[in-house]
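Trainee: Those protein sequences? They're chains A and B, same order as listed.
So for the first sequence, the working numbering puts the first residue at 57; every next one is plus one.
So for the second sequence, the working numbering puts the first residue at 57; every next one is plus one.
Simulated from the structure, these hints should not be mistaken for lab results.
All residues carry an ideal CB built from backbone N, CA and C; glycine is no exception.
Honestly, I wouldn't trust all of these hints.
Among chain A residues calculated to face chain B with C-beta under 10 angstroms, some are [as the list claims (entries may be wrong)]:
#: 1; residue: T362
#: 2; residue: K370
#: 3; residue: V377
#: 4; residue: N388
#: 5; residue: D389
#: 6; residue: R391
#: 7; residue: E461
2 protein chains.
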Amino acid sequence: MKTLILAGGKGTRLWPLSRELMPKQFIKIFDGSSLFQKTLQRALILSKPEEIFVVANREYKFRIIDDMRDLNIEIPKENIYLEPRARSTLPAILWVLRTNSGKFAILPSDHFVEVSEDYKNAFRAAERLSENFLVTFGIKPTKPHTGYGYIKPGKDLGGGFIVDEFKEKPDLSKAKEFVESGYLWNSGMFLFDSRIFIEEAKKLTPEIFEAFEAHESLEEFYDKIPEISVDYGILEKSNKVAVVPMDVKWSDLGSFDSLYEILAKDEFGNAAIGEKPIAINSKNNLVVGQKLVATVGVENLIIVDTEDALLVSKRGESERVREIYKTLSAKNDKRVVIHRTAFRPWGSYTVLEEGERYKIKRITIKPGKRLSLQRHYHRSEHWVVVKGTARVYSDGKKTLLRPGESTFIPAGVLHRLENPGKVDLEVIETQIGEYLEEDDIERIEDDYGRE
Amino acid sequence: MKTLILAGGKGTRLWPLSRELMPKQFIKIFDGSSLFQKTLQRALILSKPEEIFVVANREYKFRIIDDMRDLNIEIPKENIYLEPRARSTLPAILWVLRTNSGKFAILPSDHFVEVSEDYKNAFRAAERLSENFLVTFGIKPTKPHTGYGYIKPGKDLGGGFIVDEFKEKPDLSKAKEFVESGYLWNSGMFLFDSRIFIEEAKKLTPEIFEAFEAHESLEEFYDKIPEISVDYGILEKSNKVAVVPMDVKWSDLGSFDSLYEILAKDEFGNAAIGEKPIAINSKNNLVVGQKLVATVGVENLIIVDTEDALLVSKRGESERVREIYKTLSAKNDKRVVIHRTAFRPWGSYTVLEEGERYKIKRITIKPGKRLSLQRHYHRSEHWVVVKGTARVYSDGKKTLLRPGESTFIPAGVLHRLENPGKVDLEVIETQIGEYLEEDDIERIEDDYGRE
Numbered sequence: 057m058k059t060l061i062l063a064g065g066k067g068t069r070l071w072p073l074s075r076e077l078m079p080k081q082f083i084k085i086f087d088g089s090s091l092f093q094k095t096l097q098r099a100l101i102l103s104k105p106e107e108i109f110v111v112a113n114r115e116y117k118f119r120i121i122d123d124m125r126d127l128n129i130e131i132p133k134e135n136i137y138l139e140p141r142a143r144s145t146l147p148a149i150l151w152v153l154r155t156n157s158g159k160f161a162i163l164p165s166d167h168f169v170e171v172s173e174d175y176k177n178a179f180r181a182a183e184r185l186s187e188n189f190l191v192t193f194g195i196k197p198t199k200p201h202t203g204y205g206y207i208k209p210g211k212d213l214g215g216g217f218i219v220d221e222f223k224e225k226p227d228l229s230k231a232k233e234f235v236e237s238g239y240l241w242n243s244g245m246f247l248f249d250s251r252i253f254i255e256e257a258k259k260l261t262p263e264i265f266e267a268f269e270a271h272e273s274l275e276e277f278y279d280k281i282p283e284i285s286v287d288y289g290i291l292e293k294s295n296k297v298a299v300v301p302m303d304v305k306w307s308d309l310g311s312f313d314s315l316y317e318i319l320a321k322d323e324f325g326n327a328a329i330g331e332k333p334i335a336i337n338s339k340n341n342l343v344v345g346q347k348l349v350a351t352v353g354v355e356n357l358i359i360v361d362t363e364d365a366l367l368v369s370k371r372g373e374s375e376r377v378r379e380i381y382k383t384l385s386a387k388n389d390k391r392v393v394i395h396r397t398a399f400r401p402w403g404s405y406t407v408l409e410e411g412e413r414y415k416i417k418r419i420t421i422k423p424g425k426r427l428s429l430q431r432h433y434h435r436s437e438h439w440v441v442v443k444g445t446a447r448v449y450s451d452g453k454k455t456l457l458r459p460g461e462s463t464f465i466p467a468g469v470l471h472r473l474e475n476p477g478k479v480d481l482e483v484i485e486t487q488i489g490e491y492l493e494e495d496d497i498e499r500i501e502d503d504y505g506r507e
Numbered sequence: 057m058k059t060l061i062l063a064g065g066k067g068t069r070l071w072p073l074s075r076e077l078m079p080k081q082f083i084k085i086f087d088g089s090s091l092f093q094k095t096l097q098r099a100l101i102l103s104k105p106e107e108i109f110v111v112a113n114r115e116y117k118f119r120i121i122d123d124m125r126d127l128n129i130e131i132p133k134e135n136i137y138l139e140p141r142a143r144s145t146l147p148a149i150l151w152v153l154r155t156n157s158g159k160f161a162i163l164p165s166d167h168f169v170e171v172s173e174d175y176k177n178a179f180r181a182a183e184r185l186s187e188n189f190l191v192t193f194g195i196k197p198t199k200p201h202t203g204y205g206y207i208k209p210g211k212d213l214g215g216g217f218i219v220d221e222f223k224e225k226p227d228l229s230k231a232k233e234f235v236e237s238g239y240l241w242n243s244g245m246f247l248f249d250s251r252i253f254i255e256e257a258k259k260l261t262p263e264i265f266e267a268f269e270a271h272e273s274l275e276e277f278y279d280k281i282p283e284i285s286v287d288y289g290i291l292e293k294s295n296k297v298a299v300v301p302m303d304v305k306w307s308d309l310g311s312f313d314s315l316y317e318i319l320a321k322d323e324f325g326n327a328a329i330g331e332k333p334i335a336i337n338s339k340n341n342l343v344v345g346q347k348l349v350a351t352v353g354v355e356n357l358i359i360v361d362t363e364d365a366l367l368v369s370k371r372g373e374s375e376r377v378r379e380i381y382k383t384l385s386a387k388n389d390k391r392v393v394i395h396r397t398a399f400r401p402w403g404s405y406t407v408l409e410e411g412e413r414y415k416i417k418r419i420t421i422k423p424g425k426r427l428s429l430q431r432h433y434h435r436s437e438h439w440v441v442v443k444g445t446a447r448v449y450s451d452g453k454k455t456l457l458r459p460g461e462s463t464f465i466p467a468g469v470l471h472r473l474e475n476p477g478k479v480d481l482e483v484i485e486t487q488i489g490e491y492l493e494e495d496d497i498e499r500i501e502d503d504y505g506r507e
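Excised from the complex, chain A in its bound form (with noise of 0.2 angstroms):
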C-alpha cells in the first residue's frame, strides 16, 4: 500500500512554538522527534520507503529532507511534492492520486497517534473497504470534545460502516449526544483507491479536476483554484464513503490544550516540556519552555516561554492564540515567521545578539554542506571555529581552520563557508557593519540554486 504524508500546516494556534518557516509538524516536540517524523515512522509500517509521498508547502523542502535524514529514510526525490501555496487537502490529495495508482494511505503530519493491534487492524479493514469505498478513520471519543468534526456511523460492512453524514465541530451539548449516539471524531486520516477518489473527484469538483487537467505546471492555476478540504470538496457530499472505527489515543494537537490532553500529567495535574518547573501551590498547568519556569497559586494555564515571545494563556481559550498571530502578522512582525533559529538547506544559524551595528549568530553547518560563494556589500564578518572543521575560501585563498582559529572577512570579499568533515561544524559569526539584513548578499553560485 502507499502512503500519503500531509505535511503542510503552519500551526498559527500554536504560536509561538510554532512559526511559519518552522512549524509545529517540524519541532522536535516528543524526546527529539518531530510530530512529521513520528508520521513518517508510522506510514512505514504501511508502505515501503519507496511507496511513502509526501505533499507540502515547498518552503518545507529542507524540513523533510531534514527529518528524513535524521531517521535514515530515503523517500525518492520525486515522491515529495512541493506546492506554492496552501489550498488545502483536496488539490494536495489530487495531485499525488493522478499520476500515482494504488491504494493510499492519508495521513496528516502534525496529529498525534499511538500505534497499537487496534491502529493496525484499522487499516487492514479499510484496505479491504477501498475496493468499493473512500475510506475515513473515525476515533472513538474519550468525552464530548468540541473541537472536532464527528462522523454518523451508518449501514453496518463488516468491518467498517456506510458513513450516514458529517458533522461540524458542535456545542457542548450537542458533542455529548453524538457521543451518546455513538458517533466518531473525524481523525483527518483516510484510506483511498485512488480510482476511485479520482472518479469522485471528476463528477464532484470537476472544476479542479478540469484545472490539472488543462495544466502543465501547479504555478499556471494553483491561486485560481478554491481552497478546499477532502472532506468538504468531496466525503460530505460522495454515496460512496465509509468510516473505519479507531481505538487509540488521538489529538489533532491543534492547540496547547490539546497538547496538555496528550502529555502525562503529575500528581497536581501538571503538564511540562522542557525543564521541569517549580510548581508551588500550582494544578492542570502545561508549561512548555527552555529556562526554569515558577508558578504560584495558579491554575488551568498554558504557559510556552521561546526566546523571543511568551504566551501565558487560560486552558480552554488557546484557540483564542490565533489572534495573536493575526495581530502581529497584520503588523509584518517577523515573530510570527521566524524563530530566532532559522534553518537552511546547508544547516541552521541562530541569532545571539543583536545591536546597534553588529550581530552575533552562531552557524551550524552540516557534515558535506556549505554555504554558497556571496559577498556582502554593507558588513565584515569574524568567523570562530568552536566545533568541526572549517573550509574557508576568501579573497582567492583557501584554508582549514579548526576550534579556536578565526578569520575576518571584509566587506566586499568573495567568501565561503563549508564543513568537508564528517560531525557538524559549529562557527561563530560577528558581522559589523551600518546594515546587517539578511538580504545585503550577492551569491555567485549555490549548491541550491539560490543565485
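Position chain B relative to chain A; hints supplied.
Mentor: Frame of chain A; chain B shown alone:
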C-alpha cells in the same frame, strides 16, 4: 541635615527580577533609574552630597559607586559604610551615627515614594520634633494593607504625635480597624538626632552598643551580635518616639503585588514594565518582561520574565516567591545569585551563549576603566570590538582596536583590555578551551586590588 541611606536588602521577594549580586534597589526599574538612585535624589532634597551617608553590604560597593556616577553625584568615599554581613537596621544605623553627630534622615533605598509638598513638610516638622524624640514617619493608609506594620498615634505634639504603639502586620479585619482608628503605615523612614539615638541604644540594646565600643573593626564582632531591626530593638521600647504623618504615594515594593499597586494601569487594569504586552481578554495583570508577552483570558497574574527564569504567580500570592528562592538556594542554584549579566568594577558582561568548550560574552567597559593584567591557563580568547576603542596589551605589545577589528589571546599569555576613550567600549569575547569558569584567572596587577 544629614541623610543615611540604608542600601542593604537582597530583594528575595522580587526574584527573578532581583538577584543576590544585583538586588532590587539597583535594578533600573523606572525610566532607566534604580530605586537607589531615586533615593539619592530624595536625599539631596535634605542634604548636600557631603552630608549623605550610605550603609550596605560590601558586595554592593560598585553598584553604589556606579549609580552615583550615573547621576554625577559625588559622595565622599568615607561616607560609604560597607558591612561584611547583614545584621538588619539597628547595628547599621548605630555604626554610622555613633561617629557622625547631627540629625539624620534615615531612608530605605528600596522603597517607592512620591515626593510632594506634604513629603517636604513632614521632614520639616520631624526636624523640629527630633530635638526631643526619635521620629518615625507614618504614611496615611489608602487601604487596609496586611503587609505593613502600623503606628498608633497618641498625644498631639503639634506637627506630629507621640507614638502610643507599634502594631505588627495585621490580618484583614484588624487592618480595617487600624485604618478606621487613624493608625498609620510604618514607612521605615526616620529622623534621628544621633545624640538621642546613641542614648537609647546604650540603654535599650546595651550588648550591641558595647560590642561597637569594644572593637576596632566590624569583622571582629559583627557575626556575633543579633540581627535586629531598629523598630524592634529601640523604637518599640523607647518612650521618646514620635510619629509625623505623611500623606504621599508610597510602597515598600516588598512584593510584585506592591509593584503592581504603584504602576500606571491601562483601562483593563493591566500594568507592564518592558515591551507592551498583547492582552486578549486579560485584566489586572502585571507583566515585567524584556520580550513579547501575550496573555489570553487571564486575570490577576504576575508574570516576570527574565533571561534565565520566568515567574507566573497569582496576584496576592507573590509573598510565596520566597519559597522559590529558598528552594533554589538550597540547591546552590546560581540563578538566585546572578543574572546572565554580571557587574564588575570596570563595567559588566553578559553571557550570550555557552556550549561545550566555548563561551561568548558581550563585555562593556566604562570610559577610563580597564580589566586587570591577567592570564588564563585553560582558555584562549578572541576579542572583536563592536563599539568604542580598545587598548589591548598582549604578549608585550600594545594595540588600539576600532569597531570591526579583532585580536586573539592564546591561553597562558598575559593580557589587558582597556577603554581609553570617552564612550563605553563594547567587545564580543569568544572563549575557547577545556575549562571556562571565571576562576581560571591569574591577576598580576589590578586597579581594584583583586590580585
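Trainee: Against this structure, judge whether each hint is valid.
Mentor: Verification of the hints:
1. T362: Holds, about 9 angstroms.
2. K370: OK, holds: K370 (chain A) within 10 angstroms of chain B, min 4 angstroms.
3. V377: holds (6 angstroms)
4. N388: violated (14 angstroms)
5. D389: holds (8 angstroms)
6. R391: Hint on R391 (chain A): holds, closest Cβ of chain B at ~6 angstroms, below 10 angstroms.
7. E461: This interface hint holds because 9 angstroms falls under the 10 angstroms limit.
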